[in-house]
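Between the sequences and the hints, there should be enough to build the whole structure, so can you do that?
Residue numbers (this note's numbering), protein chains in the order written: chain R, 5 to 233; chain V, 122 to 523.
Hints are computed from structural coordinates only; laboratory data are not their basis. The structure presented is a predicted model; accordingly, all values stated were derived computationally and were not measured. Even for Gly, the Cβ is constructed at its ideal location relative to N, Cα and C.
To spell it out: a stretch of chain V is covered by chain R in this simulated footprint if at least three of its residues, at any positions, have a beta carbon under 8 Å from a beta carbon of chain R; those stretches are:
no.	segment
1	133–141
2	426–432
3	438–444
4	512–522
Label pairs and their computed distance ranges (CB to CB):
no.	chain 1	residue 1	chain 2	residue 2	range
5	V	T424	R	E82	22 to 30 Å
6	R	G47	V	T424	25 to 33 Å
7	V	F480	R	Q147	52 to 60 Å
8	V	D486	R	A129	47 to 55 Å
9	V	M521	R	D74	23 to 31 Å
10	R	A129	V	D133	14 to 22 Å
11	V	V171	R	P102	53 to 61 Å
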Amino acid sequence: MALIELSGIERRFQLGDTTVNALAGVNLRIDSGEYVAVMGPSGSGKSTLLNLLGLLDRPDAGSYRLENRDVTTLTADEQARVRSTRIGFVFQSFHLVPRLTAAENIALPMTLAGIAPAERERRVALALQSFGLEHRADHKPDQLSGGQRQRVAIARATIMQPPLILADEPTGNLDRHTGEEVVNLLEALNAQGVTLVVVTHDPGMGERARRRLVMEDGRLKFDSANAAG
Amino acid sequence: MRPADILRFARDAATGYPLRTTLSVLAMAIGVAAVVLLTALGDGARRYVVGQFSSLGTNLVIVLPGRTGTGGFNPATAITSTPRDLTIADAQALLRAPAVRRVGPLAVGTSEISAGGRLREVMVAGANRDFFAIRNFELAQGEALPDDDWQRAAPVAVIGAKVQEELFGREPALGRLVRVGDRRLRVIGVLRPTGQGLGMNTDELVVVPVALAQAMFNANTLFRILVEARSREAIPAASTQVLELLKQRHRGEEDVTVITQDAVLATFDKLLGALTLAVAGIAAISLAVAGILVMNVMLVAVTQRTGEIGLLKALGAPARTIRLAFLAEAAMLSASGALVGYLLGEAGAFLLRRLFPVFPAYPPDWAVIAGLVTALSTGLLFGFLPARRAARLDPVQALMKH
Ligand SMILES: Nc1ncnc2c1ncn2[C@@H]1O[C@H](COP(=O)(O)OP(=O)(O)OP(=O)(O)O)[C@@H](O)[C@H]1O
Ligand SMILES: [Mg+2]
Chain R
5 MALIELSGIE RRFQLGDTTV NALAGVNLRI DSGEYVAVMG PSGSGKSTLL NLLGLLDRPD
65 AGSYRLENRD VTTLTADEQA RVRSTRIGFV FQSFHLVPRL TAAENIALPM TLAGIAPAER
125 ERRVALALQS FGLEHRADHK PDQLSGGQRQ RVAIARATIM QPPLILADEP TGNLDRHTGE
185 EVVNLLEALN AQGVTLVVVT HDPGMGERAR RRLVMEDGRL KFDSANAAG
Chain V
122 MRPADILRFA RDAATGYPLR TTLSVLAMAI GVAAVVLLTA LGDGARRYVV GQFSSLGTNL
182 VIVLPGRTGT GGFNPATAIT STPRDLTIAD AQALLRAPAV RRVGPLAVGT SEISAGGRLR
242 EVMVAGANRD FFAIRNFELA QGEALPDDDW QRAAPVAVIG AKVQEELFGR EPALGRLVRV
302 GDRRLRVIGV LRPTGQGLGM NTDELVVVPV ALAQAMFNAN TLFRILVEAR SREAIPAAST
362 QVLELLKQRH RGEEDVTVIT QDAVLATFDK LLGALTLAVA GIAAISLAVA GILVMNVMLV
422 AVTQRTGEIG LLKALGAPAR TIRLAFLAEA AMLSASGALV GYLLGEAGAF LLRRLFPVFP
482 AYPPDWAVIA GLVTALSTGL LFGFLPARRA ARLDPVQALM KH
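Right, here's the structure in full:
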């Protein structure tokens, strides 16, 4: 079942007189439950693609269907609602709110969605446990290691139980060992049925994905799904 | 987002940057404190003056010899006659006016008073018994002047507290003889000490029967006639009746001036009220300045927290939630500033009242309410722009900053 369908996606940036084609004629279908790694040289459009998939950005042309619904025509608030319930983000630089504790950071999407405090507490307790953060609940981000921070971020991304998780270089700021742990966590989520799209520079990590995309100059240069089939 | 969560989020954001928050709270606090304290000063001055005037007596109508005020210069009277003086008979005649309750004639002069070898200069007031009631003179010992014929010059005197102390020290003064000018008078009463107020200082006064004062100063005129109207409502009637009676007695000439205490009071009240308002207005400018400061602080907050705003958007916060969070923060800054300022202002006013007990430095309610409302509304008004800016940030751009 198709979770994501992109067709004819264009995204251009105007830089002075020159136009940068960050995405040019991208057609892509990702099914529910897939594990996709997006690779390619710097500036090839990987982050732009991920932002678009995450409804943080709009294409200049083309259509994007998420769960069989055209989401490019939604209003900003409707898109926000889709992000809130259907998409989880994991960033290279964690993006934790520094003044909130680990538990509060994990609860933030639920707080924003207006979920009752009791329910929030219940789910956060579960998440802290499953991500091995029980003893870090009341720590602020600056009291956590990089690996712990990214685990908090992943817990936050999954707390609304979205069917899709987008991770832009989630191990980029981590050493090899902690990066490995984080990838294991993400893969475990995928094993539970969550669709996972990961942008990475690490070939080793790319190898682990069941499907690899390689981008170049805003185009999909290689798709392991097509190569195999 | 639930309202309670928005408030908590805004509170944590504000306390997360203590210096910035302290500064804007302080600016707002100074503005509100200025409003509270300055209006307390202004209104205190108004109350003080009004209070002093009221202590002169209630429902007072004062008659002065001579025509002053709005009548203008009348060449006919200027040539044909000199203004008539007020006499004791004039004062007595005023008792016939229906709106008049009491009449107190007043003749004044200075003289020497001596007793037991001690001597000093005093102000001598010639009056009657009712004069004491009209002016609210209170007696510490003895009694007021006898209630007999105003034309009778009984050789008695009521002396002020300071006069008593200087002449007799701790010895009893009642019944003692004093020499005032060339007369020997018996002390029948001592006034309660009052201290310096508006009008005459009664502590250094000697009150004698009006006829006696006129004889001592060799004059048959009065300095003033104090008239007490039957009620507050009767003041205008009393004033016209007094004027009419005196005009008849002075062969149809309006050669006296009648002033009512109310008119004087109203003028002062208005004048000092306007002053308070002006002072409040000036203080309110500092509130506007504080509002602008809050705006800048919030704009800095938006810049500082751009990454966080991008994150909130990525996590599904609609524009409204982000706007509300920043507005709530601005409102909190100004609200706590207003509260701190209010407390500071009240404390300052309290201190003023402690230092100057006679000065009723209470901030008027309207000023407090206006100050607080202005503080809150400028905070919200100036918080609106930063909040809107935050809500409009592009999430991708915002996420790239941190
Ligand atoms: N906001 C922007 N304004 C102008 N140009 C942009 C903007 N965002 C991206 N681009 C350009 O679009 C192209 C694709 O950028 P993108 O960030 O998607 O690359 P990337 O593949 O994620 O690179 P990296 O591996 O370095 O993260 C680049 O040439 C970049 O300069
Ligand atoms: Mg990138």
